[in-house]
Amino acid sequence: MNKLFLLALITFSLSAQSQKYLTKTGKVVFTSKTPLETIEGTNKSVASLLDSKSGGVDFIIQIKSFVFDRQLLQEHFNENYMESDKIPKATFKGTITNLGEINFAKDGEYKADVSGKMTIHGITKDVKHSGKISVKGSTVALNSNFSILLADYGIIIPGAVKDKISKDVKVTVQCLLEKMK
Amino acid sequence: MNKKLKIAVIVLTVLALGAFAVWRYVNKPSIDYSKQKATHRFSFAELLQKIETDTASLKNSLISVEGTIKKIIRDSSNITLELGYDSIMSSVTCQIDSRHTSDFVAAKEGSTVEIKGLVSDISLDPESVFGNTVQLTYCSLNNK
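Just so you know, the protein sequences line up as chains A and B, in that order. Going letter by letter, the first sequence gives residues 1 to 181 in this note's numbering. Going letter by letter, the second sequence gives residues 1001 to 1144 in this note's numbering.
Keep in mind that the hints are not guaranteed to be accurate.
Distance condition first, Cα-Cα at most 30 Å in a straight line; then the derived DSSO-like pairs of lysine-lysine [what the hints assert, rightly or not]: (1) Lys1050(B) with Lys86(A); (2) Lys20(A) with Lys1071(B); (3) Lys181(A) with Lys117(A); (4) Lys1108(B) with Lys20(A); (5) Lys89(A) with Lys1070(B); (6) Lys89(A) with Lys1003(B); (7) Lys1028(B) with Lys167(A).
Worth flagging that the hints you see were computed from the coordinates, not collected in a lab.
Next up, chain B with everything else stripped away, as it sits in the complex (with noise of 0.2 Å):
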């Protein structure tokens, strides 16, 4: 093989590398964050008081948070929860994570869960009709 010849294929396999490398991070399937450890773990309750004193130590941190199934919407194949109590509007809720709907068959109205999730938002409005309200996305069980 002569000089000019080495050179074109090693400057062609850089650049297929390259392109590769450039390809595999635009495509890079968003974080699923069920293999990570949960930075704080709450019950409702608990998440409930936390937030009314604390608010920035949470968000964008991944949670767990223990409680009741208020609410299911299933939709295709998305599952979406809403942790609270009929009693209170004040809820937490949880955007499966399409990886995970799987584990959420059997899930039911009123039944206990706990669920890891990355808290993308919270609201602090006890005045209004909405309560407060934690928001988590890419949400699992938490199986500890």
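Here chain A stands alone, though its shape is the one from the complex (with noise of 0.2 Å):
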């Protein structure tokens, strides 16, 4: 009986602490602002993966499947851009600098530092950033905001639309994970 008991705390505690969370509908926005424009992208199909044992986090961010209010925006963005068809995807892939301070278990909003490696336009940085993390039940929200810099990624912005194109974008990101079945 003992040893059943030991076992099932165990089995209990194994899959507690290995608990993984995941969406495939995520959001990233990323904002130009300059004054003579404002361009906004928009992508809601981001894959996010978070293990709270590790600290874990993951993204993949598909470019093509950014969407904008406008369609000379939209080419412009793919083609001359982030060329999508040669690099179809922008990654992060990081983790958790200061897991002990966030309880899996708990609900509640917390303060995330998260470092980690980022890919945009096949250009790979050592990045950090802090987000908040918020818990409930059994999905994690994950938010932050930050800028790049698109100089550090290779993206050029041709002379002729420079005033109109920020030479760093703010990039939002939400993305509600649901516990892994």
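Could you fit the two chains together into a complex? Lean on the hints.
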């Protein structure tokens, strides 16, 4: 009986520790704002995986799934700037560095510091960003805002439109992940 | 009206028309695919089978897919649907065109819909936790 209880306890604690959360409908918005023009692209098919045991966080963003309100912006974004036929996705693979401060078993809002490798336009950079993790039942919401410098990722803005596209764009991440069954 | 004035009026008119044409071109809204006919029509299961052998013919094409709503994300005025089942990881994500979100007010998880959308990406990775995924953008209800 004692052995059975011990086995059940080990099984429970292992499954509790290695819990993964996932979504394929996360949202990433980028905004370029200059005095002349504001450009916004939205992708609501972002795949994200969080491992609450290791603190690992992955994001996979398909570039062609960014949508725009104007057709010309979409064409220029894919063909001229992101070259999405050649480089179809952007990724982030990192780790929550303050994992001990986040209790995935208790509902609440927690500050999360994340560091890892971000790959955009085929160029990989080491990055550190802060965000917010909201735990509610079997769901975890990941929210973060940060800026990226387009030149860091080899994205060249032609001189003719340099006043209309910001050198650094604001990125907003909003993903609601569900516990994997 | 003397000759110089006539020429000036013509030049100004041509310039104004040219500027208007450029403005229209630059500000042309994204295409409303709901008015176009889908080139391929699938059930959810047929689509998952199709991408295992052929993705090239589907990429960037307008398709319709009938499936069960696994998940609905409502975000201010936007709606994103995921078609699939809890028992499998492979799915179809559909970013609903903001001009057609009103068609999905009554949509519920577990109900069946036929969605038309532009294939923006196909990810084939059955071994990963994400499974295979077809991503559709500018989606609307397919009224056949």
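Evaluated hints:
1. Lys1050(B) with Lys86(A): Within the cut-off at roughly 23 Å; holds.
2. Lys20(A) with Lys1071(B): holds (18 Å)
3. Lys181(A) with Lys117(A): Holds. Lys181(A) to Lys117(A) sits at ~28 Å (cutoff 30 Å).
4. Lys1108(B) with Lys20(A): holds (26 Å)
5. Lys89(A) with Lys1070(B): holds (25 Å)
6. Lys89(A) with Lys1003(B): violated (60 Å)
7. Lys1028(B) with Lys167(A): Satisfied, since the Cα-Cα distance of roughly 25 Å is no more than 30 Å.
Comparing the model with each numbered hint stated earlier shows that hint 6 is the single one that does not hold.
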